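Q: Mapped onto this note's numbering, the consecutive letters of the sequence shown carry residue numbers 316 to 783.
These are computed hints drawn from the structure, not numbers from a lab.
All values derive from a computational prediction rather than experimental measurement.
Among the hints, a few may not be true.
What the hints assert, rightly or not - As a list, the in silico SDA-like pairs of lysine to any residue whose alpha-carbon atoms are at most 25 Å apart:
| no. | residue 1 | residue 2 |
| --- | --- | --- |
| 1 | 591 | 540 |
| 2 | 587 | 546 |
| 3 | 720 | 688 |
| 4 | 425 | 480 |
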Amino acid sequence: MAEYSPLSTSEDQPSPQLQNKRESKINYIAIFFFLAVGVTLWTSIPSLIYLFNGTPEQSSQIEPSQTVPTPTITVPDSHPEMTKRIISVYFTSWSIYAREFNVKDLDVTKISHINYAFANLDSDGNVKLGDPWADTDKHFDGDSWNEEGNNLYGNWKQLGLLKKRNRHLKVLISIGGWTWSTNFPAVAANPSKRNIMVTSAIKMMYDLGADGIDIDWEYPSTESDANNYVTLCKEFRHEMDKYAEKIGEQNPFLLTVAVPCGPDQYKKLCLKDMSKYLDFFNLMSYDMSGSWSSVVGHQANLYGDDLSVDKAVTAYISRGVPSQKIVVGIPMYGRSFTNTNGIGHPFDGTGEGTWEKGVFDYKKLPPQNALEFFDDKIVASYSYDQIRKELITYDTPDIVRLKAKYVIDNNLRGVMNWEISSDFPTSHSRSLLSIEFDSLNGTECLDSTPNHIYYPDSVYDNVRNYFG
């Protein structure tokens, strides 16, 4: 909170010495002087009242048609960038393989946060690299094989170099995900294992040069899980703040979670209690329909009678999460249904997909010979191939524009994307990232809180030396 001090004065108090004899000229000057001061003070009273009360008093000196300038007052906030928007993306370690999408391909001028997916959690509570070769070992173009010392390479070196050149860019380690959430319940329930998780995750954070931790537990299923999740968040927050204080870092490290949009999952969470320790919630507002569904449905509709983005956002707010801690998820992929007549109809199977059955990269959509359709009532879109009878549900540019407007209108924190390798390049007119950036008012409104570059305890020489 800003500290305020009274305005200093430099006028000396007058200490006139009375004399029995003064020349009349001096007396007249004194009289005129005091009269002038009196008039000045009298005419200044309305302005003084305005400055201290914030409301101008009507005065004969101010015509009703005149506008009195309103002083700008900055109200301290718990988050200095709360008026700015987050544009977050998940970058996956496996994207550097067949997808051929590397850190250098990220347009970080349009991104405020990157969640690096994923670190693994073992049964003892140790947080480990998900893919050591991709994460810390691979030598990219420009990396030397002859450097002395113990140095970081792989995706994390590339991310560190990006951070150094772009001080607004924050990178978090995302722990878990759908595949690696198995050990969360047992670890969170055991104080010793929970401590191992927190300690090892924070060590990984400062070893790799990250700005925080993103927990992706899919999903807590019992009341005990929910309570233990709160305790886990509390202990993470305490230890992260403790470490920041230890190294003299006033800018706190970030703690976030990826959370579900389905009521069966989020109703189990102690959201208000979790919120005390978290910077924001990444709402996974997609996968509302898929191969597991009984009929074809939209996977990320903004409105609707059943599952919808709006219903999830409203539920989180009603359960104690401030709107400015909610980040709305945008799918950069589509889900396929085959042998169907459309939304609400049965289906028999899913399409081949880009990398896995039934799931298509957004940049491959719409398929050849398919037409795109837009439902303006629930704000959702899809493509349909009438010959092949295949429907793919995904967000088009028009949908993303409307979701960005929804974020602004509802005072939400921003948007998150799963996952960035599936988008068109930002130079393309259909790039969802570019559309989000423009719709959220661009650089002027992009969260620009500074990242961290000081890691004195990293095991890597080049991280300790700021990649110099």
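Q: For each hint, tell me whether it holds in the structure or not.
A: Do the hints match the structure? See the list:
no., hint, in the structure
1, 591 with 540, "holds (18 Å)"
2, 587 with 546, "holds (13 Å)"
3, 720 with 688, "holds (20 Å)"
4, 425 with 480, "holds (14 Å)"
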